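Asker: Each chain, written out:
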Amino acid sequence: MIMAEPVARNDSGASTPPDEDVLVKRAQGGNLEAYDELVQRYQERIYATVYHMTSNHEDANDLTQESFIKAFQALKSFKGGSTFYTWLYRIAVNKTINFLKQRKNRIHLSLNDLDFNVEHDPDLLAFVSDKTPRREATLSELQEKLNTALMKLSEPHRLVVVLHDVQGLSHEEIAKVMDCNIGTVRSRLFYARQQLQAWLSDYLKPT
Amino acid sequence: MSEQQPNFESLRRLLALKRHETPPAGYFNNLSRQVIARIRAGETGTEAELSGRLFARMPWLLQLLQSLETKPVFAGGFATAMCAVLLFGAVIAERPESTAQAILQQPATQEVAPLVASATPAAMVQPANPMLIDTSTNPVINFASAPLGQMPVSAQFTSFPLSGN
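Read top to bottom, the protein sequences are chains A and B. Residues in the first sequence are numbered consecutively from 1, following our numbering. Residues in the second sequence are numbered consecutively from 208, following our numbering.
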């Protein structure tokens, strides 16, 4: 039940922030306040990953909550072989993929609103400027097309794109989360981008 | 096959649009609370902490609460509406007697009277002693009101028609 090592180390050997280790140990002992702190620390990233995989806020809400609950129930089995974050991510990703397999034929988008900052993002505004082949495209239309294209990808390919291009995880981190090697991550990423580029060619500026 | 291929740059910038998709305002204020409530409910096996499940099953309720929390105008309007409902209830509650009197003053017999009047008068006559009513369940001779040996004799005319055969 108690981690053998006084300080948990991740796969690369670097020590994790001590306060996280303390929180994890306290949570393993059943302290819900400590676990509440951990939930607050990672809720946004876990939610974002699940949401980008499902493109549905209600599903993302359910899956995020269930992932945290399952993680708490399985917390005693966490031995510190990886970071708590990677371990938590793996639970959320597996839960999401299982969910997506079950609801395969009834996908409906329930997209979140774009935040205010999107109106000031020069890169994104370029997509709806005069240079864009589809001049009439609005940001919300672009959002829907992008999500529809993402949902056409298989779950492993979508997950790689979401974790890398949206969430900003490295290939190594993705490999740990998906429990595969880095070469697999790279090949999936390449294939997924090719597919997306073909589907979204009307909205992409020629390079 | 490298991810740094320039022809994916445009796609990567487009994918960055996803980072601007955010959940409803205030969503993360309640998420951890709901998770902990659901864990507690699961541990104790009671329904003491229902908020997590309630919000999970009724997301509109959560959105309503979040709207109240994040939009002061909406919260003010909601509070005004609640005050109006309370005032209306108080006004109604102050006049229960007048309402009751109004109901009592309505002659209830007015509606029944025409029905009674339309019935046959003879059929409506009630005898003083209900035991004297000749029915199939009452005896022809009433032993209850007469002492022993002085039982009243009641004769009834009978006729037995003889058949022509």
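Hint data in this document are derived by calculation from the structure and do not stem from the laboratory. Being a predicted model, the structure only gives us computed values, none of them experimental. Any given hint might turn out to be false.
[To be verified] Which bits of chain A does chain B cover? Going by a derived footprint, with three or more residues having C-beta under 8 Å, they are: (1) 26 to 39; (2) 50 to 57; (3) 62 to 72.
[Stated by the list, open to error] Between beta-carbon pairs, the in silico distance windows are: (4) A:31 with B:214: 24 to 32 Å; (5) B:281 with A:29: 35 to 43 Å; (6) A:154 with B:292: 31 to 39 Å; (7) A:97 with B:296: 50 to 58 Å; (8) B:286 with A:201: 30 to 38 Å; (9) A:77 with B:291: 53 to 61 Å; (10) A:44 with B:301: 45 to 53 Å.
Using N, Cα and C, we set each Cβ at its ideal position, and we do this for glycine too.
Asker: Can you tell me whether the CB distance of residue 286 of chain B to residue 201 of chain A sits inside 30 to 38 Å?
Answerer: Roughly 52 Å apart at Cβ, these two residues miss the hinted range, so it is violated.
Asker: Is the distance from the Cβ of residue 77 of chain A to the Cβ of residue 291 of chain B consistent with 53 to 61 Å?
Answerer: Holds, at about 55 Å.
Asker: Confirm or reject the coverage of the region 26 to 39 of chain A by chain B under the rule of 3 or more residues with a beta carbon closer than 8 Å to the chain's beta carbons.
Answerer: Since three or more residues must qualify, the claim that chain B covers the region 26 to 39 of chain A holds, with 4 doing so at under 8 Å.
Asker: Can you tell me whether the CB distance of residue 31 of chain A to residue 214 of chain B sits inside 24 to 32 Å?
Answerer: Given about 51 Å between the Cβ atoms, the range is violated.
Asker: Can you tell me whether the CB distance of residue 281 of chain B to residue 29 of chain A sits inside 35 to 43 Å?
Answerer: The hint (35 to 43 Å, Cβ to Cβ) holds, given that residue 281 of chain B and residue 29 of chain A are roughly 42 Å apart.
Asker: Within 31 to 39 Å: is that where the Cβ-Cβ distance between residue 154 of chain A and residue 292 of chain B falls?
Answerer: Between residue 154 of chain A and residue 292 of chain B, where Cβ atoms are some 53 Å apart, the hint is violated.
Asker: Using the C-beta atoms of residue 44 of chain A and residue 301 of chain B, is the stated range 45 to 53 Å upheld?
Answerer: For residue 44 of chain A and residue 301 of chain B the Cβ distance comes to about 52 Å; the hint holds.
Asker: Under a C-beta cut-off of less than 8 Å, do 3 or more residues of the region 62 to 72 of chain A approach chain B closely enough to confirm the stated coverage?
Answerer: The restraint on the region 62 to 72 of chain A holds, since 6 of its residues have a Cβ under 8 Å from chain B and three suffice.
Asker: Go ahead and decide if the range 50 to 58 Å is satisfied by the Cβ distance of residue 97 of chain A to residue 296 of chain B.
Answerer: 53 Å, holds
Asker: Taking 8 Å as the Cβ threshold, is the statement that the region 50 to 57 of chain A is covered by chain B upheld or broken by the three-residue rule?
Answerer: Holds: 3 residues of the region 50 to 57 of chain A have a Cβ under 8 Å from chain B.
This entry does not satisfy hints 4, 6 and 8, going by the numbered hints stated previously.
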